[in-house]
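Under full-length UniProt numbering, the first residue of the sequence shown is numbered 1, with each subsequent residue one higher.
The list that follows gives simulated cross-link-like pairs (lysine-lysine, DSSO-like), each with its CA atoms no further than 27 angstroms apart:
| no. | residue 1 | residue 2 |
| --- | --- | --- |
| 1 | K784 | K763 |
| 2 | K748 | K762 |
| 3 | K395 | K336 |
| 4 | K353 | K395 |
| 5 | K630 | K553 |
Listed next, with one range per pair, are the computed distances between beta-carbon atoms:
| no. | residue 1 | residue 2 | range |
| --- | --- | --- | --- |
| 6 | E221 | E823 | 55 to 65 angstroms |
| 7 | R715 | T168 | 41 to 51 angstroms |
| 8 | Y181 | N348 | 37 to 47 angstroms |
| 9 | P271 | D541 | 58 to 68 angstroms |
| 10 | M64 | T379 | 40 to 50 angstroms |
| 11 | K628 | Q85 | 40 to 50 angstroms |
Hints listed in this document are in silico derivations from the structure and should not be mistaken for laboratory results. Note that the Cβ used here is the ideal one computed from N, Cα and C, for glycine as well.
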Amino acid sequence: MIMTPLCCLITLLLLVPFSSAAAAAAAAAAGGFVPRDDILLNCGARGKSNDTDGRTWSGDVGSMFNPSLTSPGPTAASQDSSVPQVPYLSARIFTSPFTYSFPLGPGRKFLRLHFYPSNYSDGLRASDAIFSVTAGPVTLLHNFSALQTAEALNFDYLVREYSVNVSTATLNLTFTPSRNYSNAYAFVNGIEILSIPDIFGAGTGGPNLVNGGTPIPFTVEPDWALQTIYRLNVGGQAISPTGDSGLFRTWDDDSPYIYGAGFGVTYSSDPNVTIDYPASIPEYIAPVDVYSTARSMGRDAHLNLNFNLTWIMSVDGGFYYLMRLHFCEIQYPVAKPNMRVFNIYVNNQTAQKGADVILWSGGIGDPYYVDYVFITTGTGLVDLWLELQPDVTAKPFMYDAILNGLEVFKLQDSNNNLAGPNPDLPPQPQIDPDRAKKHRSGKSKNNTPVIAGGVGGGFAALLGCFLLFLLCRRQKKKGGKVAGGGSDGPSGWLPLSLYGNSHTASSAKTNATGSNASSLPSNLCRHFSFAEIEAATNGFDEALLLGVGGFGKVYRGEIDGGSMKVAVKRGNAMSDQGVHEFETEIEMLSKLRHRHLVSLIGYCEENREMILIYDYMAHGTLREHLYKTKNSPLPWRQRLEICIGAARGLHYLHTGAKHTIIHRDVKTTNILLDEKWVAKVSDFGLSKTGPDLDNTHVSTVVKGSFGYLDPEYFRRQQLTEKSDVYSFGVVLFEVLCARPALNPTLAKEQVSLAEWALHCQKKGILDQIVDPYLKGKIAPQCFKKFAETAEKCVSDQGMERPSMGDVLWNLEFALQLQESAEESGEIVGAGGLSDSEGISLVMKGKKDVDDPSLETTTTTATTTTMSIGGRSLNSEDSDGLTPSAVFSQIMNPKGR
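With the hints as extra help, turn the sequences into a complete structure.
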């Protein structure tokens with residue numbers, strides 16, 4: 001059909017309401033590219049609405065894309081508060097084939113489909129939504145179950161991104177319910193269509209096919225469709241769509257895909273390095289934030305030669321894939337070819353020998369990317385391996401490898417098909433329908449939320465007595481959300497041994513880990529009688545009292561005939577803390593075993609008592625070795641080792657345990673030291689399970705300790721693991737400066753340690769507020785790395801903070817710098833002795849060594865413009881505390 005000029009004008013005017021103003025504003029950031037088509041369609045809705053990124057969506061009611069849509073669609077029967085309402089509150093339902101027709105200009109488009117699998121009004125069950133989707137001749141989804149996919153990947157909602165080439169005047173998007181299932185229907189919540197430049201045809205040349213031999217050129221035909229499978233900002237934080245180069249792409253954190261212990265090190269660009277796109281690489285290929293961060297293997301050549309830097313991702317078998325690797329040398333202001341040369345392997349096949357980023361790109365700060373195509377074998381989900389390994393044959397200056405960004409795209413097959421099978425659900429006993437799901441569309445991560453631990457074992461008779469009561473109680477809980485959702489309010493008390501792990505899929509989702517505990521073998525958590533506890537503490541003799549805190553009193557005790565020393569924490573019925581904290585502590589620690597987590601030995605719940613029994617920590621809390629104490633100050637190297645130990649414990653909670661755990665109360669009184677000065681994280685009474693992506697969260701009432709509270713969590717009541725990272729950053733400054741997190745007696749601008757230390761770091765004067773005892777004992781480069789790490793941890797925005805894994809690696813690197821300086825004689829220290837004799841050696845035999853280079857060197861530390869809004873969180877928490885020799889949570893009855 002030939003359109004008249006008037007029809008063209010009308011068509012353009014109709015398209016205007018669906019164009020995002022943000023796209024035009026981002027044109028400059030996208031290298032001058034202005035999208036012709038930018039459609040945000042809120043399916044099932046009427047009128048205009050803004051999403052959380054400020055983008056304007058238009059309802060499909062009365063839209064030109066299908067005039068038959070004259071009324072709104074159904075809404076979700078229930079929606080988690082963490083799921084954005086736009087475009088996920090309403091849906092368009094199809095019980096027969098239905099087509100949207102989008103008049104578009106020619107060229108490539110990003111097509112993004114948004115799905116929120118939920119029961120919808122009108123009696124529509126999420127399990128019946130099984131359907132196919134085609135875009136013109138290309139099959140995007142076939143017999144697709146959004147619910148099964150979301151359950152398998154542990155997501156709340158899904159986004160599927162495709163790149164399609166439009167060569168006709170209209171793109172027809174058709175939704176077809178599956179004929180193989182009764183009551184099947186199709187649905188969609190949102191549709192995005194965005195014109196994009198040909199990101200697959202221009203730039204550094206075409207891709208090479210990885211085939212086990214010499215890679216050969218491969219052509220991605222202009223009319224092929226592709227699906228985005230992974231898009232990772234390697235070595236950096238997740239990038240939201242509004243932070244992308246005008247194409248509104250989401251870049252995820254790569255750390256969950258790192259294989260094994262070889263995480264390498266992450267870093268940002270040197271302050272003297274500027275990202276400068278060459279003419280051959282447009283800025284829209286990837287944003288500056290991708291090229292200004294990186295992950296490398298580190299400086300230890302011996303270590304690097306013994307492992308590969310490896311990522312493992314899951315993909316559908318039987319398809320060709322395009323893998324794009326983004327590179328940019330950003331670490332050294334001056335570099336030359338052969339600085340570091342490495343090999344690239346894809347699925348154990350050589351993709352590239354002798355990769356030299358400087359030789360490729362032409363210089364420091366110049367982005368570059370390479371494409372490889374490979375085919376996967378088998379069916380269903382298969383593993384995709386990417387490995388980087390130093391090329392020893394090139395004899396480079398450093399045996400190292402680097403990567404800045406990674407994208408993986410699925411190519412359509414010969415049948416114009418991109419659809420893969422629905423992922424298999426995990427084995428039924430491992431499914432926990434009550435888990436807190438992830439709330440983003442990113443790829444499946446190793447860090448799945450929720451731990452539902454519990455305590456049992458050792459009292460089967462008690463279990464039998466209350467079994468009938470429990471069953472009756474559960475029947476009342478089924479069929480809906482728990483009142484209060486993510487609230488932290490106290491729950492009714494039942495002996496923990498009675499809770500089971502048999503909630504149905506319709507049971508309440510809750511973010512509190514104490515929601516349903518399961519029985520445990522007795523060797524994991526021991527049940528003590530009240531008589532045993534009385535004997536262990538000599539009838540709760542006040543002479544054995546170690547301290548009093550928010551939960552109650554803590555006593556020193558002995559069990560098993562005096563062969564084992566323990567700390568006994570007895571709950572106070574008048575305390576603000578109670579059943580919920582008691583349950584959570586048991587559920588967490590009874591399932592967790594790690595060298596850097598305090599060990600829970602057992603508990604007692606007789607006679608209306610709530611008593612917890614822990615390992616005795618001979619050297620008490622970290623805080624009582626920093627300030628307001630008669631203890632000898634710790635040498636710097638030992639402080640570093642303690643921080644590294646605590647970081648390992650927190651990193652395990654975030655990524656290494658079966659389910660992601662957010663501690664929520666990280667502080668120096670919750671880091672305990674055993675007889676060998678090994679750091680152990682303690683106090684899990686406020687801990688919660690939650691999503692592991694940095695822009696997902698658990699909505700919850702703010703709890704924690706002022707001075708350590710994540711300001712983003714405080715403002716929005718949205719908890720993430722980055723909240724722990726912020727608190728740990730305060731701990732790092734506390735270790736460095738030996739002063740409380742809050743000190744109301746100081747000048748207003750100095751009350752909050754996080755704010756004051758950040759201010760000093762930005763001004764280059766952080767060395768002036770360092771613990772005087774450490775004067776001349778910190779290697780300048782170690783100080784710089786430590787300060788930079790702490791600074792990043794206390795960034796105002798969670799997305800700007802590093803993961804705990806990255807914090808751990810930076811601290812370990814700082815320790816290596818300190819050790820090298822001590823071994824070379826540049827710095828005099830105790831060498832990190834891990835006993836009291838080492839500390840005595842520092843006090844008696846060592847004198848401060850004034851290093852004139854320290855002040856001038858430390859002032860060059862990289863700074864950012866981040867702050868926490870100039871706001872101090874005043875509290876009584878951090879001052880006037882009496883240190884305990886054993887258990888940290890007794891120190892802080894306030895700020896809960």
